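Q: Below are the chains, spelled out letter by letter.
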Amino acid sequence: MNYFRLSTALVAMACATLIGCQESPSDAAPQGFAGLGENAEEFAQADASTPLSFPRDHGSHPDYRIEWWYLTANLEDDKGEPLGLQWTLFRQALTPPDERPAPSPWAADQVWMAHLGISRGETHVAAERFARSHSEHTNGQAGAEAAPFQAWIDDWLLESPPGANFEDFTLQAYSGEGADRFGYTLTLSAQGPLVWHGENGFNAKTVEGQGSRYYSQPFLSITGRVTLSGETREVSGQGWLDREWSSQLLSQEQTGWDWFSLHLDDGRKLMAYRLRGGGEAGGDYVFAHLISVDGQTQLIGADRVTLTPLETQTVANRDIPTRWSLTLPDAGLQLIVEARHPNRWMPTSVPYWEGDVVVRQAETQENVGVGYLEMTGY
Amino acid sequence: MILRVLATLLAHYRRHPGQLAMLLLGLWVASALWSSVQAVNATAKDSYARANALFSANLDELSRRDGQPLTREDYLRLRREGFPVSPILEGTLEIDGERLTIVGIEPLTLPSSNTLGASGAALTAFITPPWQTRLAPDTLDLLGLSRQQAPGMTPAVDSAGDRAGDSAEDRAGDSIEDSGQRLPPLALRTDLPPNTLVMDIAAAALLLDRDNTLSQLVTAPGALSTAPEGYRLTRAATLASPEQLTESFHLNLTALALLSLVVGLFIVQAALGLAMEQRLTTLRTLRALGVPAATLVMAILLELLVFGVLGAALGLASGIWLAGQLLPDVATTLSSLYQADVNRSLVLPWHYWVGSLAITFGGLLLAGSGVLWRAARLNVLALGQSQAWRLAYQRQLNRMTLGAAAVAVLALGLVLWLSLLPPGQGVLISFGFVAALLLSSALCLPPLINGVLHLLQRWLRRHPLAHWAVADIQLQLPRLSLAMMALLIALATNLGVSSMVGGFRLTFLDWLDQRLAAPLYVNASPSTLAPMLDWLDARPDVAETLPTARGSVDLLAMDDAQEQGTRKRIALFGITPAPTITDRWPLLDTTEGRPTAWAALSANSVFINEQMAVAQQLVPGDAVTLDTPQGARPFEIAAVYPDYGNPRQQILVPTEVLIQRFGGEVASIGLVVNDRADRQALRQAMTDRFDVSTEAMVDQQEIKRLATQIFERTFTITRALNGLTLGVAALALLATLLAQARERRRQLASLWALGVPRKTLTFLPLFQLGGLALFTGVVAIPLGIAITWTLVAIINVAAFGWRLPLYLFPWDILITLITALGVALAAAALPSIQLWRTSPQAMLNQGAT
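Residue numbers (this note's numbering), protein chains in the order written: chain A, -14 to 363; chain B, 4 to 852.
The shape of chain B in the complex, shown without the other chains:
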């Protein structure tokens, strides 16, 4: 019997294919956006897990206290002294125009808890010429190879990406066959991170043209209780893994996806509710014919399942397609922002599929629960009466108001909780706050609209048609309210996110202008830059050289400056405090103004970046204890500077101090040239004199262009998801209107019969809906501003470590209103056109039935 009941129920959709389409559309978009973001997240997680398994993240690391690069002699000396260290050589190479990371390892000494250390399979083949290139199957896509043909192939290398400072003579010395040009034979290993080629250190040294220098000396966690004399030991635990760094980023994505899911489910709910409404008569007939309520509920449940399977299949398929489109941009963002390497093709574990299906079905059941409830409590004798329903709706509005108040209290509680937390924490609570704010506002909206409509009705008493229009929209409110709530949420989020991105862009570009003070920059290896500095200083066409330097230092816990105390490796950055720089370098906070801060920097104080100030809760005037090569020393913090785009904490000192006291090395040289200097000639002279490429000297404009490009890409996915959410809301509204268009025609037919011109009847819904949407848009503006504030003041601080000023863009607000109006008019237009095309005869028939 249940199948026959199901067939009867489904027959409804043969008469109303539009409702079926709307239902599936809702399920489809909800599940598609959710599964695409989850696919992106799952792929990124997989990449992080593989990177973590590789090494750096879980091994202790040694570096020289004098700041000199590590060499093979360091390795051999430490081994002969009994320290269980293992060398790692890293570099990049270009193959087919793609940059790939080369990791050279010494498998015999690599701690065996490590994936690679343990992978002794064919150890001899790995460590003996022609060696082996181990890579993950997904890296093959970059090389344009298939899995079948790849093993054993030896792809050609375009050029060495960052050959370190050995001289040309050294390089020419040891070429074994042509291994400088080709990779060792490929061998696939699924557990390697993407875009990474792992090979024996001997093969890597030849490919990268490095004789004796090393990138890292690592040792098993805890294998050394103290650092060897002359070396610095950094514990694995103090190095942040890509997973930790990017956690907030993925949380952001998930939040946006969840929003789309909710909006999509609004559509489903509306469609199901409408279908239920129209099938009440059928249901009552079935009950009267003796079908038990339980069978009816089961049949509806079955119907939901059928839709669920269809919707989930559609959603998953298009979600994966969408993820494939978004992934390259996400990967670029993650690598430029966090130096986290993420696979550019999708990797989906089994729990991804299960999770996506579960979310679709769960959402569907949630959206359909109301329908099931009503079917179970069906009153066989009741008649579907709009007025009676209106009374019931009044009760529902009251409940909504109560609910909104309750959620608002929750939101308030969350804000209080946040205010008690130190800055930079509580990403989840912040998202909870935004969700509560959105929900509370959405719940408020129908009672608010209802109230406004009541006032309007009173005011329009003398204008019968307008009075009718208001009363009519009030009658439609129960059905429209869900779509309007979805619209409100989408509009507010859209406004919030676009204001945040816009504000960030302004701040970022401004900051970039201030940071890039020199018109030209030279990038090369430190060993080239050091002699180049003297050479540049001696040239008449160079007005000023502004070298920067890099290094690192261990930050000792404030209360315990002992050798054994807790320590954290912090990056050091050196700048030349010449007026060209100090006049423009952005500072967020100082003790006694900029001039004093710069004077202090030259006199043994340091600046820290905002990320560090937030994470360590430091303000200008505090002191930090640094483990310098001369021992633990306190340094006063003179200022805090903004450092957008940097995921890590950083301390700023003058270049000279960094090189002399902290063993740093020159990282780049900023150049100010005379007005009449021939830049081309300078570039040529530099290339001729030093072993650097012509690209070593970069124009400031070029750097800005690159930085801006990276910035734009960072927010591509945010924008894309944002736009899609608004699209979904528009669809929800359109679906609702289409679904009830037929019924509306019947009501309008009576008006037409009373003598209202058809033209007026056609435009009436446009005014009704336009007004409603405009009102929703107005409510969305303060809500959007609240969201912007939460994003810039709380979520960004926690996610990236920087706080942005709150910018409001009137144009964005206007766009929001126009969008609301546009969406509503577009949604209302189709039913209106249908109405316009309906023949008077058909209209009369509608009235008759």
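Okay, chain A solo, but in the shape it has when bound:
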């Protein structure tokens, strides 16, 4: 799911950003959503040849074109009201490693972008930040260090305390002034292992082999304070942190995706996505990982997953599917995934829908979990 966000980031940063795209939508060949399908041969290529290596891979990989640190959380406040939040840091390389500018005061080879989102009931707020890399500064405006782990842009900071690298975290991010201020201060703690998606942590995204290095920490337990609509409340709940980097994520035919990260009440986690276009015979590319309580992944074949929109609503003048059917017959799962509220549009430089969902048993309509849904390219 992170990857979608990524797209956002990408877009913005990726050269043409929004405006570039808007100015000449017709000249450019299709390059997937937000430029994520752009060819990137001069960059390092993601593949399954080497396993992930920690703590090194917690930090940034500037030789790859795109990368992100992606956190979503399903929380409840002290009044029992559910609340969703998102914090994402994206990195995009401006030039291939061989063409980087010589170091000089403001010369940049990377652009960073971050999104902050909070949702409660019909309320949804979002903020966006950008930064360039500073070649002569190790502690610049934005960056990500492997150990001790730190990922930041301006004063938004996700970090691990010394000695608890990538197991415990604190996250602080606020935006706005005075009564319009919103944001959170959170403490996160891993209750399970890191989960690798695919062989050696390589996750194919198309049948042609494009893909990314991808691992997750889906077992986060979270406590903290959230400021929204002029008041600050104590919150607690669970979160999911994704790490992903790549140089060409999508094929040029893929136009968007629907990405689910679900916390089931029985302790299992489910990650599933549908990439629209780029599948066999031009169809969709569907993928699902069912993660057991102890972090073991079970790959569900594309023919053993169905993802079907059941209902759309008009959000930001677009038809957005807000109720889905998700079935994994082999695992005996027949689920309905529904947005808590359709108003979860991120009006960022690359706009997309991202919000908290509830998961129900299709037959009994019984609540069996919560999660996050990201939809791009609508």
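Hints listed in this document are in silico derivations from the structure and should not be mistaken for laboratory results.
Values in this document were obtained by computation on a predicted structure and should not be read as measured data.
Warning: the hint list may mix true and false statements.
[Claimed, not checked] Between beta-carbon pairs, the in silico distance windows are:
hint, chain 1, residue 1, chain 2, residue 2, range
1, B, Leu191, A, Leu284, 45 to 55 Å
2, B, Asp194, A, Ala301, 49 to 59 Å
3, B, Arg80, A, Gly317, 47 to 57 Å
4, A, Ala301, B, Leu191, 51 to 61 Å
5, A, Thr35, B, Arg80, 46 to 56 Å
6, B, Glu232, A, Gly163, 16 to 26 Å
7, A, Pro336, B, Thr690, 55 to 65 Å
8, B, Glu232, A, Glu61, 51 to 61 Å
9, A, Glu27, B, Ala230, 30 to 40 Å
10, A, Glu27, B, Ala541, 17 to 27 Å
[Unchecked claim] Which stretches of chain A does chain B cover? Using the computed rule of at least three CB atoms under 8 Å from a CB of chain B, they are:
hint, stretch
11, 56 to 65
12, 105 to 117
13, 159 to 169
Beta carbons: idealized from backbone N, C-alpha and C, even for Gly.
Starting from the known structure of chain A, arrange chain B on it as the hints suggest.
A: Okay, now just chain B, sitting in the frame of chain A:
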């Protein structure tokens, strides 16, 4: 039928091409001057709008409280603390000998409401080597490039204009390829201000050889409720935009153009009236043949339209040409006076064309309304009789007198209104007053002339020829009066404006002498000047060093010295209060004389410039509250000093105080050297010791020459328009005389038949008209003085913030009289020469018809 009637009417001009020429000439000059000034104004407005859209004008700004320059570390620290600031790096570069402003921006953090922040097109290309130079198409003219070839080109840079104080070692350190010598590839953006190159801050830093220093840290308006610790926050609203600063200047231009328009329309009115007069018989015949009055009016209206199209086309074409000639001087004025960058080539929006056409047509219809009225009420049976017309004219004179009185009352009312306003306000009312004064005087003129002629007639009863000449001029008065009114207005304005400019020049040069007390000045960056000061002090050939300093401070509202109170950024200027300076430094107003004022300045008081005194309504003895780095403090005002050429408010303190208490930095050093000192050797030693160019040390005379040059250019357009207006008035008079020359010959023929010698007949009109013009000139003198007073005492105070003493120049007054006489004689000469050349036979024929 209407076309046939129109053809009949137009046939008149085939017989009298002179009248047609005069009509078109009037329309042409009226519309040309008006459209040229409007073209200048439209271009300037376009430049201001683009500059405003750029940044500084609408963004809040941060500066360090300790007065140190901002650096990249400030930027990074503030961002990491969560303050949404964005860096801007500005400097100048010379390319092909033209000075261009370089603006380096950080597009990722620049507030997105901004033109540039939002312009993410090809963001990667913008922020990645070889970067991009964004510039407006009109800036290409300066670089000598065409729009087709420009995109992608990388023009070479002559030299860095103001490389800030980094040492030579620093500069050599980071040269990326040869980007220090060439601009990044050009990309055109129409919404950028002229003469400005916008690029990524990384590219700008390399071009300007600045490592870490910044020019500005900006943030979206209102994004910060309070300034970060150690910084000062200046709200966008408190920074005056070029548009506000230059408003009065453009109003001045518009007023002059309006004057030309009015004078030009006088010509049109005279020409139309004459043509109507001569076509009365034709019109009556047409009516008698059965042409309805409505058709006749329509035909005349059509005729006006035809002339309007011709006149407007001519006027627009030459107006734009004229504007092209005037624009460079206007641009220089605006940049030297207001630091407002104005495009040096014209930019004309659609409403400019519509406006110019509308003004021409509107003016034509106004001038032709009398003709239309008369055509509509045409009495088929009436005979054109001069005597009958004379009676009618007497009634018209009475109406003029009444009108003049009414307008005079209005002028008086406006003066009263002005006297109630605080000084420095009411530019529009002042112009209204000048207009009312001119109109009232112009309306007064014909009745006045008529009265004088009546007296003369009585007095000359025993001199038949002179008696006839006076009676004759009285008869001509209805036609001449309009031309004389135009002459009066032009003469008075000319006198008023030239006295103002002359007075200003005297004051300005005097002031310059007093302000530039030291014979030598050194200009360099503050980091070079600071060590240089010690070095200079130690040299035996230097008798005295007089450093000046610059800085800024927030002026807190008088009633509310709290941190949250309203504040306005005011420039601080520091001088060294040594006798060399204090003996000569000009002061306008003090509490207890100069010595006390200077003593007070050294003891925690301040001086303020006249602009500030006017704008804030302060006088010596008042106090201002300034937000010093040590907190809000009150300062007493000891004196007010004149500060010509500065559009902004300024506070003066001793250099030492400015540097130590307000975090200012050394701006220049005034030098007094020993009599026998070798200036060349000193210059060489300074260049060798410090990293400064030989031009860093400037002679006082050189500064004066430059300042005077700028001054002269400032008033170039005023003078040009002024001269043109007088020219138009002369044309009006000439046109009127030419138009009636034929008829005059007929009347003079009778005199000739009575035995008056032809020589006398030739010179008679010269005396008649010369006398009339001289009288007009005499009336113009008090009127001109009144205009001068309004300009120096009201309009200049409001427009520039300074008041000038009222100077009168007898020579100018004499010139005015001579001009009046010259114009009249020149205008009368042509008909006289024609008369001289007319054969007696032809004269007799004239009498017979």
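Q: Give a verdict on every hint.
A: Hint check:
1. Checked against the hint of 45 to 55 Å, the C-beta distance between Leu191/B and Leu284/A comes to roughly 53 Å, which is consistent with it.
2. Range check, Asp194/B to Ala301/A: Cβ separation about 28 Å, and the 49 to 59 Å hint is violated.
3. About 56 Å separates the C-beta atoms of Arg80/B and Gly317/A, a value consistent with the hinted range of 47 to 57 Å.
4. Under the hint 51 to 61 Å, the C-beta atoms of Ala301/A and Leu191/B, about 34 Å apart, miss the expected range.
5. Range check, Thr35/A to Arg80/B: about 39 Å between beta-carbon atoms, so the 46 to 56 Å window is missed.
6. Against the hinted window of 16 to 26 Å, the Cβ-Cβ separation of Glu232/B and Gly163/A comes to about 18 Å, which satisfies the hint.
7. Between Pro336/A and Thr690/B, the C-beta spacing of about 59 Å keeps the proposed range 55 to 65 Å intact.
8. Checking the proposed 51 to 61 Å range against Glu232/B and Glu61/A shows it is violated: the Cβ atoms sit about 37 Å from each other.
9. Taking the beta carbon of each, Glu27/A and Ala230/B are about 45 Å apart, not inside 30 to 40 Å as hinted.
10. Glu27/A and Ala541/B have their C-beta atoms about 60 Å apart, which leaves the hinted 17 to 27 Å range violated.
11. Coverage of the stretch 56 to 65 of chain A by chain B is violated in this model, with 0 residues showing a Cβ closer than 8 Å to a Cβ of that chain against a need of three.
12. Look at the stretch 105 to 117 of chain A against chain B: 3 of its residues bring a Cβ nearer than 8 Å to a Cβ of that chain, three or more, so the hint holds.
13. Check on the stretch 159 to 169 of chain A: 3 of its residues sit with their Cβ under 8 Å from a Cβ of chain B, so the three-residue criterion for coverage holds.
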